[in-house]
Amino acid sequence: MNNPDPANNLFNNTSDFDVEKVRADFPILEQQVHGKPLVYLDNAATAQKPKQVIEVLDTYYRETNSNIHRGVHSLSEKATAEYEAARNKVKEFVNAASTKEIVFVRGATEAINLVAQSFGRNTLMADDEIIITELEHHSNIVPWQILSEQTGATLKFIPINDAGELMLEEYEKLLNNKTRIVAVGHISNALGTINPIKTIIDKAHAVGAKVLVDGAQAVPHTKVDVTELDCDFYVFSGHKLFGPTGIGVLYGKEALLESMPPYQGGGDMIQMVSMKKSTYNSLPYKFEAGTPHIAGVIGLGAAIDYVDELGLDSAAQYEHELLVYANEQASLVSGLNLVGTAKNKTSILSFTLDGIHPHDIGTILDGEGVAIRAGHHCAMPVMERFNIPATARASFAFYNTREEIDALIKAIDKCKKVFN
Amino acid sequence: MFDIKDLYQEVIVDHNRSPRNFGKMEDADTTLEGFNPLCGDKLTLYIKTDDNKISDISFDGSGCAISVASASLMTDAMKGISLDEAETLFNEFHNLVTTDDDYDVDRLGKLAALAGVKDYPARVKCASLCWHTLHSALQGESTPVRTE
Ligand SMILES: Cc1ncc(COP(=O)(O)O)c(C=O)c1O
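Here the protein sequences come in this chain order: A and B. Everything in the first sequence is counted per the working numbering, starting at 1 for the first residue and increasing by one. Everything in the second sequence is counted per the working numbering, starting at 421 for the first residue and increasing by one.
Simulated from the structure, these hints should not be mistaken for laboratory data. These figures come from a predicted structure and were not determined experimentally. Some hints here could point you the wrong way.
To be verified - A partial selection of chain A residues facing chain B, derived with a Cβ cut-off under 10 Å:
{"no.": "1", "residue": "G35"}
{"no.": "2", "residue": "D354"}
{"no.": "3", "residue": "H357"}
{"no.": "4", "residue": "P358"}
{"no.": "5", "residue": "D360"}
{"no.": "6", "residue": "G362"}
{"no.": "7", "residue": "T363"}
{"no.": "8", "residue": "G367"}
{"no.": "9", "residue": "G375"}
{"no.": "10", "residue": "H376"}
{"no.": "11", "residue": "M383"}
{"no.": "12", "residue": "I388"}
{"no.": "13", "residue": "P389"}
{"no.": "14", "residue": "F419"}
{"no.": "15", "residue": "N420"}
Just so it is clear, CB atoms sit at the ideal spot from N, CA and C, and this is done for glycine as well.
Same shape as in the complex, but just chain A:
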């Protein structure tokens, strides 16, 4: 990059991340919206896909498409091999002990529902307690509310402070020997807060509770090691990790998954079916009833290859620099209030503007080519906590640039002009 702006050079010196090269991998970013270059800052909702992923999907449907685990013909064998190779990539990606611990599901949402129903419903009793947090995405709230209605177990929330950080001292007060499940997001989608999940996991284990970590927002930004974390379940979605929609991962400790009954019945999840009774297949197939999203799994494998090659560490470092820059620029805008100012956060900028509703911000920014999310971000308890109906949220990925943040700030100025 030969930008004459000295400030820009300074910025480049702090990170040798070649963003222009990365951007060239994402064909969607080249387009214009309303005659302006697209500035895609809605990565927390879903991330864009590199051509490496798009090409793998294309090749799969052109050359390999076949059902898996049941054909003796060559295509089926090839599809099965690619599908299982992707499982191995996921295993390595999160550092699980075995591919038996990697279950493919539709997304984080389905993974959480699976654990709530298969593990929770079969082990919880009326006196038991489930702990989640005020920061959660609805998909890590509602399945536990359903479970609590079904079992009579009590659902408790770890509160957050004004910065949007979990109040660990309150967590300790909630924990007791009735706590069975602690379900916590690794990173908040509404505010970007990175939660101290290792501490949360250890404290839960100390009272004998199992822990599910919702990693939907974490895997695109940070290296995850489930073995080191010692979490019982870890879930994420492929589409936020630069992979296809409709595919996600449930990691579960083998012994736990082994002890759990199937979530759905159907083909592939059985060993033997007779009219009287069926015997279930071994892990992880016991939880993969029916023809899975084969192309999605293979595409997810390609996405993991992509981020591995890129290096999540240097990408995260670069994203952090973007966040610091965005924070600086945003703090210069009068009437802009940041929501979520945790010390430890990922590249999410949630904000409000005095006198301008977030939906109007979203529409006006779109007119400038800037795509953000406006709303409650499926985290209504967070909005309630801050006593606001909604926020505008810009969320950055490693393909975003400093110039795009300038475009965001300029578009925010435009909002203020429209409403002067």
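Starting from the known structure of chain A, arrange chain B with the ligand on it as the hints suggest.
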């Protein structure tokens, strides 16, 4: 040429900044809430009817500029008209924000400022929340209106 001002016309910005007929009416004959769960827009309509006419109407609540301006403009337009005329206006407004059909600027008056909404499918619900709420209230319904 695309211009955001086609949506955020002066009338809308003005009615958002200082909404007319805003505030709770203690002695309303009919009170009904409208809620858009998707964006959290909330409003309550207060209506007084007299001899098949809307003799007074007000609203309160919170929402985006489009929803506030729409409620402000709607309540202005509704004051003093008959229930039949209100129903006709409801239908005309619906056409205004959802179809490319011609509309009668003379009849719609300032409401025509909301025509730009039809180019923003995600925002049509913001503009129509108060109208659906009014429609339900005049039909005698009492369950809060939800648009999604
Ligand atoms: C923190 C968090 N958890 C869970 C989800 C649900 O993911 P999905 O809709 O892909 O199942 C999301 C997606 O928005 C999220 O941000």
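- Query: Going by Cβ atoms only, is A:P389 closer than 10 Å to chain B?
  - Reply: Holds: closest Cβ of chain B sits about 4 Å from A:P389, inside 10 Å.
- Message: Under 10 Å is the threshold here; is the Cβ of A:F419 close enough to any Cβ of chain B for the hint to stand?
- Response: holds (6 Å)
- Message: Hint validation: A:H376 versus chain B, beta carbon distance must be below 10 Å. Holds or violated?
- Response: holds (6 Å)
- Is the interface hint for A:G367 satisfied, with its Cβ closer than 10 Å to some Cβ of chain B? Because about 4 Å separates A:G367 from the closest Cβ in chain B, which is inside the 10 Å limit, the hint holds.
- Query: Once the shortest beta carbon distance from A:N420 to chain B is found, is it less than 10 Å?
  - Reply: Constraint on A:N420 satisfied, holds at 8 Å.
- Item | Residue hint A:G375, partner chain B, criterion CB-CB below 10 Å | holds (6 Å)
- Query: Holds or violated: is the Cβ of A:I388 closer than 10 Å to a Cβ in chain B?
  - Reply: holds (9 Å)
- Task: So, A:D360 near chain B? Judge it on the closest CB pair being under 10 Å.
- Result: holds (5 Å)
- Query: Is the interface hint for A:D354 satisfied, with its Cβ closer than 10 Å to some Cβ of chain B?
  - Reply: Violated. Min distance 12 Å.
- Item | Closest C-beta approach of A:H357 to chain B relative to 10 Å, hint status | holds (4 Å)
- Message: Hint A:P358 vs chain B: min CB-CB distance below 10 Å?
- Response: Hint holds; A:P358 Cβ to chain B Cβ min 8 Å, cut 10 Å.
- Query: Can A:G35 be said to touch chain B, with a Cβ gap under 10 Å?
  - Reply: holds (6 Å)
Going down the numbered hints, you'll see the structure goes against just number 2.
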